[in-house]
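Visitor: Below, each chain spelled out in residue letters.
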Amino acid sequence: MRSGDQPERRISRLRNSRLYGATLSLLIPVAPAFSASPETGGTIGLVLTSWRPALYETPGAKEECPSGLQVSEDIQNEKTPGAAERLAKFGFPLNRGPNGELAAYAPMKVEDPIPFRELQTRNGFGLNLDGTSDGHATAKSCTHEKFRTPEGVAADNQLARVLGCTVGWRASGFNVEFAAREFASSSVNRILVEISGVDDERNDPDVEIRIYKGLDGLVATGEGKFLPGTNQRIDNRFPRYMHQTRGKIADGVLTSDPIPLANLPLLWVANPGERKFRDLQLKLKLTDTGAEGIVSGYEDLRIWWNNYSRGMNSHGGIGNYSSAQLYRAAHRYADGYPDPKTGQCTAISAAYKVEAARAMIAHPALAQPSTVTASNDRTKP
Amino acid sequence: MSAPVKNWTKPVRAALIAFSCLATVGATGPSSTSGGADPSLRLISVSQYRNILQSVFGADVLPKVRFAPVKRTDGLLAVGSSAAVVTPGVLDPLDSAARAVAERVVDPLHRDTLIPCKPASASSADEACAQRFLSRVGLMLYRRPMTQQELTEKVMLAGKAAARSKDFYSGLATALSSMLVSPNFLFIRENAEVDPARPGQWRLDGYSKASRLSFFLWDSAPDAELLTAASRGDLHTPEGLKRQVERMTASPLLTRGARAFFTDFLALEAYDNVAKDPVIYPAFTQKVAQDAREQILRTIEDHLITRGEDYRDLFTTRRIMLSAPLAGIYGTPLLAGPSEWKPFDLPADSPRAGLLTQIGFLAQYAHPGRSSPTRRGKGIREVLLCQHVPDPPPNVDFSIVEDPNAHFSTARQRLVAHNTDPTCRGCHMMTDPIGLGLEKFDGAGQFRATEKGAAIDTSGNLDGAAFTDAIGLGRALRDNPTLKSCISNRLYAFGVGRPLTEQESEVVEQFPAVLDKSGYRFKDMLRLVIFSPSFFAIKPQKGPAMALLTEQNHAH
Amino acid sequence: MLIKSKDATRRGLLKGILRGGAVAMALPLLDIFLDDHGTAMAATGDPLPTRFGTWFWGLGVDHEIFTPKTVGANFDLPPQMAALEKVKQHINVFTNFNVLTDGKPNLCHFSGWVALRCGAAPGARGELPAESLDVPIAAAMGGGVRFRSLNMAATGVPRDSYSFLSGDAINPPEVSVVELYQKLFGAEFQDPNSSNFTPDPRVLLRQSALSSVKDEAKAFENMLGAIDRQRLDQYFTSVRELEKRVELQLQKPPPAPACVMPKAPAADLPIGLDIELVTERHKAMTDLLVMALACNQTRVFNMVFSDSFSALVRKGSERTHHILTHEEPIDPATQVQPHASWFVERSMEAWAYFVEALAKVPEGDGTLLDHSLVYAHSDCEFAKVHSLDGVPMFTAGKLGGKVKTGMHIDGNGDPGTRLGYTVQRLMGVPIDSWGNQSLKTSREIGEIVA
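Chains as they are written, first to last, in full-length UniProt numbering: chain P, 1 to 381; chain Z, 1 to 556; chain G, 1 to 450.
Don't take every hint at face value.
Rough simulated footprint, nothing fancy, chain Z against chain G, three-plus residues with beta-carbon under 8 angstroms [as the list claims (entries may be wrong)]: (1) 232 to 240; (2) 319 to 331.
Restricting the straight-line Cα-Cα distance to at most 25 angstroms, the calculated cross-link-like pairs of lysine to aspartate or glutamate (DMTMM-like) are [as the list claims (entries may be wrong)]: (3) G:Lys104 / Z:Asp272; (4) P:Lys79 / P:Glu118; (5) Z:Lys160 / G:Glu243; (6) G:Lys86 / G:Asp268; (7) P:Lys225 / P:Asp288; (8) G:Lys104 / G:Glu131; (9) Z:Lys71 / G:Glu241; (10) Z:Lys287 / G:Glu280; (11) G:Lys214 / Z:Glu301; (12) G:Lys315 / P:Glu223; (13) P:Lys285 / P:Asp339; (14) G:Lys104 / Z:Asp74; (15) Z:Lys118 / Z:Asp74; (16) G:Lys214 / Z:Asp272; (17) P:Lys225 / G:Asp268; (18) Z:Lys287 / G:Glu127; (19) P:Lys225 / G:Glu280; (20) P:Lys353 / P:Glu118; (21) Z:Lys517 / Z:Asp469; (22) G:Lys440 / G:Glu179; (23) Z:Lys64 / G:Asp200; (24) Z:Lys517 / Z:Asp463; (25) G:Lys263 / G:Glu131; (26) Z:Lys166 / G:Glu247; (27) P:Lys353 / P:Glu63; (28) G:Lys104 / Z:Glu127; (29) G:Lys244 / Z:Glu153; (30) Z:Lys452 / P:Glu63; (31) Z:Lys342 / Z:Asp272; (32) Z:Lys64 / G:Glu131; (33) G:Lys244 / G:Glu280; (34) P:Lys79 / P:Glu101; (35) Z:Lys64 / G:Glu241; (36) Z:Lys287 / P:Glu223; (37) G:Lys263 / G:Glu280; (38) Z:Lys342 / Z:Glu382.
Calculated directly from the structure, the hints in this document are not laboratory data. Glycine is no exception: its CB is placed at the ideal position from the N, C-alpha and C atoms.
Pulled out of the complex, with its shape left as it was, chain P reads as follows:
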């Protein structure tokens, strides 16, 4: 049963827990809370409010990037003999290929003199996508190293090795902040998660999970936080962004079954694109006002690169990395879905840290969760 059918009863519970907790007393600020009704079962609506690469970071990057952070393409260019001649000939410092190719478009035409700074740590975030504990090659994965999550689980997140030593993607970096802002401000990125059939928000062995693209804005409350409980309509024009799977809630943590193939729209540092994930999984810690956790899957490498490499990325002061190196690193670390002919993996395990706010998901009359891309298991008991 959907929460919308029992609005007031649902709200009643949230007022209880929120306003009139035992500790409430004069002048002590109380935190807001929303919760679904355990008795009647119901739905938890979420709207994603933040989406960032899940990187393990220590102060000064000492542990994970002992040889330092990536240098910008400007510096790589300066250190490549013939910079002045290339500039004279092609007119722009980053026309670095033999025929003035831009590294962002023709990364293999460009060689960098300063080596790529490799991520060294074994600590990281993510989910176990290949099911192995040591990262050995399987039918759908290439050999790779696993991270250890803070919970001590072996996790796949090869994208962290590609981005982890790049200042722009680390905390407070230009790219990550820019992307975070546009993720919240553009409704292109409005991703809704609907968990239904919830009998107990803390523990429920079987729930249904649906993903939709939303239509509406978020209401910011300051400091990167967003108002819970806002109305979010499903964007009915895009059944291709509607996905469905099942999952479970244990101790308030939702874990989903993989969605075999999921397309998601993302406006990403000013580049709109349709990203493609295989085996997309969610692990979200549910709170009274929303959720936070990991969204992870094998991200299609070609699409990722196309989406990622366009625009204002590799410049000094912004991205501080080299496109040529990034492209090579991404292909070197790619660990999913090997090309049967070449053996090169065509996807990379990618974990994103997400935050979400509770939302009221409004269903259009003709809403039809898509079965276009996923072999949905709706018959599962």
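Since chain P is already given, all that's left is putting chains Z and G on it; use the hints.
Guide: Relative to chain P, chains Z and G alone:
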């Protein structure tokens, strides 16, 4: 009787026929001279100001203008407007607005559509064109044709200003700006004239009647057709009056009139300053506050105008208008964009029904950080039942409530303790038993089942009618006889824009007897007001100056 | 540098300096404009302008921690007045002055301020028996400035005004910082220190428009009964005042050395009575007001920090200031309601900010404040019981040397209207008594008159 009358509800039709007899008796009887009021002089309201300018010049010339607050009198700002004065603080923003409007009307973007002629030369005066424009605009702004003298003077003003500035259009703007701060525009002045049909009796002149009707029904000046009817004397005949009232109540502009009345009646201007504590009520954003106010008007509009329902059922209806920002507080998803409104039927098991459970009402009559049964009860008594709740005595003893060891969880516990004091009890008994019925809605109008972990008892009593929850309270209010006399009084007073005379109060007292049979449908209520024998009645006036008005030389 | 001669050379120099960017040179200019003593305008010999204003805060004070123990000069500052340390030499504090209602009810949070503003206790809520004292003061001070008076409500609520002609004519307050800026420093502002003065030709058109309005109003008046004629008289007065202001635009404004056009506020503050927000709005409005005074835009002002039923609230608290005054227990140790008292302290901080803002602007031999008189008060003493005895009052400023400051005056239970009477006398209102019934007084508070 003319055709439209057939559409009227039977009891109303009967009542109006009875009223017309009453009027006849009144006109000839000995007591007739004691009836009637003096013509009024009302300061225009901000919405009337905006509506007139919008209908004359279009929405894009509207300036941002803030009117000074008028004293709420007998429950209405409309009544206060008949005593309001124009202090410098009031005139200031009106003067700035007048100049802004005039400049916009004549600017190159608007002049070709808003000015019906082109001057012979744009750099000098053009008397004929100025006259055409100013007489047309004057008719709408002054709600009557300008007198020959007025028009001549304004055309001369435009001419002088054009000569001085070497610009026809700035001359025109000068004249227009003076009309927009003129008392003829800013004050709705009623004129009395000798009634030729009834020797010794006076009546409002046709244009004054037209203004009364249009400000009442449309919250704006009369349109061209109504002015024409006034000029022909149609409004002095029952048929002519009926024709216009039927036309006006059938017009979509009636919505505007209804909104103006309910904005005033429900004191919605105070809702503009409702803000809630962002920590306690994070969901009550500024947008929610705005929409909460609008929701009340939209629901009323839908209920009374679109669907022609009974006013009393407004307090029990499960049908509301909802917007996306409000949906969050109502705890329901809504297929509506950020600024869309959708009708919504509250589910049968919803704890909400009726106007009292709308978050606008609940949040307005509460504190920034908590609910207030006393304020809510007082709001219901004073606004919806036209009653007066006395001020608390100055030296209230709050010692019981203050006791830090008492640990009151709910408002009821707090108030019960407080009301053991007999000096407090008297007044609180007027408000609290009503307001406690709404205690399952917090200070932001959000539903809650408990308060500080304690169960909330929403049972109470409204003038002898017991109820157990907010829905029951709505039902009790719906059936409270005072609800009916209150709206009747307020609607009548809003229509005449001044305090009721004794005779008028007597007339209004008869409304419920009629409406109880027909139902309190808005249009029927309007008809009862307008066709009541007292609505246009005017006291015989002294002095020749007033009598001369009928001979006023109107320009054409 | 003092230039004493009033000849053409000085004017030439003046022009030169002004062209060179007067803003950065406020201090040297000051000397140029003034006479030898720094007490009058050199160009005209006119005394420096004086100003009058009121400042209001709601819900009184806590007697135990507000009332100084000593009277007269060098009075002690109890904890609740601690914020006033910096401005103590500029103010007087008046305690133990009472509001008497002669058997009329004590209308909570209403009777007190009405009596102190207009000299008479109201018989019913909403009734304002006489005009507020700022009105005759503004009349006595005459024109010569753009705005007869400036009203501001830091609460942002359009009804919060304590300046009125009657219950039907309340002078509306400015509630928006952006709108206040526009009113004062928008397109019609003429920089008094600007070197070139070319009157806007549109001013002449505006004059003819207003003249035409007056003609129309005369004809209009003939149609009215006696009561409505009185109402129209007020309209006439307002039009005439507008005319005077328009006339001013045709004259080069006299130089105002301390006048620096403030920056336009970027955006308005949101609606709400959160005390931080109100304090912010109060500061922004105060800063604009101070510049409006320095730029000779007005000489009379009324500022409302919080209204008499103050619903100011602290973020996260269920209870507003007003609720706290009634529901918070009195701490037996300190004899105050700690949380309610917190709001009084914030009010005193705001009052200190206000006084200091006026004191910061140099003018002649002193400051803007030295040539001003501000009358501040609340609606009651102890809000918990709405006591009308000892409603706290202040003055600030020396009014060009006419007022002594730095004193605590004990009223010994005298009517509080004595201060309103004194203030009006000092401002040149020709009255020999003020107030009615028990509030009627013809006794100035001599202690503060220099």
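Visitor: Hints first: check each against the structure and report whether it holds.
Guide: Quick rundown of the hints versus the structure:
Restraint check on the stretch 232 to 240 of chain G versus chain Z: 6 residues with Cβ-Cβ distances below 8 angstroms, three needed, restraint holds. Here's how the stretch 319 to 331 of chain G fares: 8 of its residues keep a CB closer than 8 angstroms to some CB of chain Z, so the rule of at least three is met and the hint holds. Between the alpha carbons of lysine 104 of chain G and aspartate 272 of chain Z the distance comes to roughly 33 angstroms, so the proposed pair goes past 25 angstroms and is violated. This hinted pair checks out: lysine 79 of chain P and glutamate 118 of chain P have alpha carbons roughly 20 angstroms apart, not beyond 25 angstroms.
For the proposed pair lysine 160 of chain Z and glutamate 243 of chain G, the alpha carbon gap of about 18 angstroms is at most 25 angstroms, so the pair holds. Distance restraint check for lysine 86 of chain G and aspartate 268 of chain G: the Cα-Cα separation of roughly 30 angstroms exceeds the 25 angstroms cut-off, and the hinted pair is therefore not satisfied. Under the criterion of a C-alpha separation no larger than 25 angstroms, the hint pairing lysine 225 of chain P with aspartate 288 of chain P is consistent with the structure, at around 14 angstroms. Under the criterion of a C-alpha separation no larger than 25 angstroms, the hint pairing lysine 104 of chain G with glutamate 131 of chain G is consistent with the structure, at around 19 angstroms.
With a C-alpha separation of about 23 angstroms, the suggested pairing of lysine 71 of chain Z with glutamate 241 of chain G holds against the 25 angstroms cut-off. Taken as a hint, the lysine 287 of chain Z and glutamate 280 of chain G pair is honoured in the structure, with Cα atoms around 22 angstroms apart against an allowance of 25 angstroms. Taken as a hint, the lysine 214 of chain G and glutamate 301 of chain Z pair is broken in the structure, with Cα atoms around 41 angstroms apart against an allowance of 25 angstroms. Taken as a hint, the lysine 315 of chain G and glutamate 223 of chain P pair is honoured in the structure, with Cα atoms around 17 angstroms apart against an allowance of 25 angstroms.
For the hint linking lysine 285 of chain P to aspartate 339 of chain P, the alpha-carbon distance of about 35 angstroms lies beyond 25 angstroms, and the restraint is violated. Distance restraint check for lysine 104 of chain G and aspartate 74 of chain Z: the Cα-Cα separation of roughly 22 angstroms lies within the 25 angstroms cut-off, and the hinted pair is therefore satisfied. As the CA atoms of lysine 118 of chain Z and aspartate 74 of chain Z are separated by approximately 49 angstroms, the hinted pair breaks the 25 angstroms bound. Between the alpha carbons of lysine 214 of chain G and aspartate 272 of chain Z the distance comes to roughly 35 angstroms, so the proposed pair goes past 25 angstroms and is violated.
The suggested pairing of lysine 225 of chain P with aspartate 268 of chain G holds, with an alpha-carbon distance near 23 angstroms, which does not exceed 25 angstroms. The hinted pair formed by lysine 287 of chain Z and glutamate 127 of chain G fails the criterion: a straight-line CA distance of about 35 angstroms is larger than 25 angstroms. A hinted pair counts as satisfied when its Cα atoms are at most 25 angstroms apart, and lysine 225 of chain P with glutamate 280 of chain G qualifies at roughly 24 angstroms. For the hint linking lysine 353 of chain P to glutamate 118 of chain P, the alpha-carbon distance of about 21 angstroms falls within 25 angstroms, and the restraint holds.
For the given pair, lysine 517 of chain Z sits about 28 angstroms from aspartate 469 of chain Z by alpha-carbon distance, which is inconsistent with the 25 angstroms threshold. Our distance criterion of 25 angstroms between C-alpha atoms is broken by lysine 440 of chain G and glutamate 179 of chain G, whose separation comes to about 39 angstroms. Distance check on the hinted pair: lysine 64 of chain Z and aspartate 200 of chain G sit about 23 angstroms apart at the alpha-carbon level, within 25 angstroms; holds. Of the supplied pair hints, the one linking lysine 517 of chain Z and aspartate 463 of chain Z holds, its CA atoms being roughly 23 angstroms apart against a limit of 25 angstroms.
Taking the CA atoms of lysine 263 of chain G and glutamate 131 of chain G, the gap is near 35 angstroms; set against the 25 angstroms cutoff, the hint is violated. Taken as a hint, the lysine 166 of chain Z and glutamate 247 of chain G pair is honoured in the structure, with Cα atoms around 22 angstroms apart against an allowance of 25 angstroms. Among the hinted pairs, lysine 353 of chain P with glutamate 63 of chain P is consistent with the structure: their alpha-carbon atoms are about 20 angstroms apart, no more than 25 angstroms. Using a Cα cut-off of 25 angstroms, the hinted pair lysine 104 of chain G and glutamate 127 of chain Z is violated, with the two alpha carbons roughly 62 angstroms apart.
Only pairs whose Cα atoms come within 25 angstroms are accepted, and lysine 244 of chain G paired with glutamate 153 of chain Z is accepted, the gap being roughly 22 angstroms. The hinted pair formed by lysine 452 of chain Z and glutamate 63 of chain P fails the criterion: a straight-line CA distance of about 48 angstroms is larger than 25 angstroms. Only pairs whose Cα atoms come within 25 angstroms are accepted, and lysine 342 of chain Z paired with aspartate 272 of chain Z is accepted, the gap being roughly 22 angstroms. Our distance criterion of 25 angstroms between C-alpha atoms is broken by lysine 64 of chain Z and glutamate 131 of chain G, whose separation comes to about 30 angstroms.
At most 25 angstroms may separate the alpha-carbon atoms for a hinted pair to count; lysine 244 of chain G and glutamate 280 of chain G exceed this at roughly 34 angstroms. A hinted pair counts as satisfied when its Cα atoms are at most 25 angstroms apart, and lysine 79 of chain P with glutamate 101 of chain P qualifies at roughly 17 angstroms. The hinted pair formed by lysine 64 of chain Z and glutamate 241 of chain G meets the criterion: a straight-line CA distance of about 23 angstroms does not exceed 25 angstroms. This hinted pair checks out: lysine 287 of chain Z and glutamate 223 of chain P have alpha carbons roughly 19 angstroms apart, not beyond 25 angstroms.
This hinted pair checks out: lysine 263 of chain G and glutamate 280 of chain G have alpha carbons roughly 16 angstroms apart, not beyond 25 angstroms. For the hint linking lysine 342 of chain Z to glutamate 382 of chain Z, the alpha-carbon distance of about 31 angstroms lies beyond 25 angstroms, and the restraint is violated.
Consistency with the previously given hints fails for numbers 3, 6, 11, 13, 15, 16, 18, 21, 22, 25, 28, 30, 32, 33 and 38, ordered from lowest to highest.
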